[in-house]
Structure formats: structure tokens, C-alpha cells
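A.B. asks: Per UniProt numbering, the very first residue in the sequence shown carries number 1; after that it's consecutive.
Calculated directly from the structure, the hints in this document are not laboratory data. Note that the structure is predicted; figures quoted are calculated from it, not measured. Glycine included, C-beta positions come from ideal geometry on N, C-alpha and C. All clues stand as given, with none of them false.
Using 27 Å as the maximum straight-line C-alpha spacing, the simulated BS3-like pairs for lysine-lysine come out as follows:
#1 K119 x K56
#2 K31 x K56
#3 K27 x K45
Each pair of labels, with its calculated beta carbon distance range:
#4 E139 x L55: 46 to 54 Å
#5 I41 x Y108: 19 to 27 Å
#6 Q130 x Q98: 39 to 47 Å
#7 V21 x F69: 27 to 35 Å
#8 E38 x Y5: 15 to 23 Å
#9 P149 x E121: 40 to 48 Å
#10 Y108 x N33: 16 to 24 Å
#11 K56 x A115: 18 to 26 Å
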Amino acid sequence: MQIIYTVQIVIHCNTCGSQMVYHACNKVQYKSNSLQTEIVILRYKCRQCNVTHALKPEFLASRHQYDTFERQAFVLQYTYTQEAKCSLRKLQNELFPQVPVSHTVMYYWVRIVEAKKQKVEPLLLADLQQLLPQKDLVEELAQEAQTVPPTVRDKPEDWAILPLT
1 MQIIYTVQIV IHCNTCGSQM VYHACNKVQY KSNSLQTEIV ILRYKCRQCN
51 VTHALKPEFL ASRHQYDTFE RQAFVLQYTY TQEAKCSLRK LQNELFPQVP
101 VSHTVMYYWV RIVEAKKQKV EPLLLADLQQ LLPQKDLVEE LAQEAQTVPP
151 TVRDKPEDWA ILPLT
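Start from the sequences and build out the full structure, keeping to the hints where you can.
C.D. replies: What follows is the structure, given as C-alpha cells:
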């Protein structure tokens, strides 16, 4: 016996703000180290601007079937272990022991993150520069260092032969 619950929801369009109606649904294979299952994705269409949107869980990124957080861990480890020359396959065996992930898919994850990083990084730096104080701390410390008399920095001549106490 299967119990089905229906819930009436009202969804508004991200583009124009008008109410959306049910359009279709599709099934997506969800894969993670702990679970492999099918998830139903509901699609809604805007009455006003004809745009469609998908109602998806946050752990499943757009156009992907692998867990978002596990993918994120993979990309971060690959990016930060590139100096150690860790291969994609070796990292895949460590992070996804239960799920076979193709080499092409893993490389795609890395390429997408690099492309997004190049777009987002300058914007983040510009925002940080607006938030940080306008004074240059290095310049301020350099000026302070110049006010210290040069003899203060000199070591005593007999410094090397001072007795240990």
C-alpha cells in the first residue's frame, strides 16, 4: 500500500515575480558515498514570461547527479593538492570509494570552478577593498620604523659572549 500526500504550494517566478504553474517533472539519479537513489525534480513554468524553473533540493546542484558537498570537497582537495601532483583518479578513489565517477566528469568539475573563480574573485576583492580601512598598514609601519634611532637596532659587541643565566 502506498500513501501519497498532496501539498498545495505557491511558487513565484525569479524573473518577473508572477505566480508559476506546474509544468512537468523528471527523475534524476542522485549519487553520493552513502546513498544512490532517484529524485523527482518538479518543473514550473511562469504564466507571464514563459520561463521554466526547477524545484530541487539544495544538496543537488543544477545539471548534476553527484552530491554538491562531496563534489565541493573533491574540487577543493584537488585544487590545493596540485602541488603534490595528486591525480584525479587517486583523489576519486579516496573521496568517492562507493561511487564510480568518470575522469571526464571530475575534470569538468575542476574546470567549471576555475572559470567561476576567475569571474567572482575580482568582484570579491573589490568588495573587500571597500570594507577594509583606507590606510596602508605597511606604509604606516615603515614610517614608524624610520623614527627609531639606528643605534637601537645594533647588537652589543660582546653579545655573542654574554654568559647564560
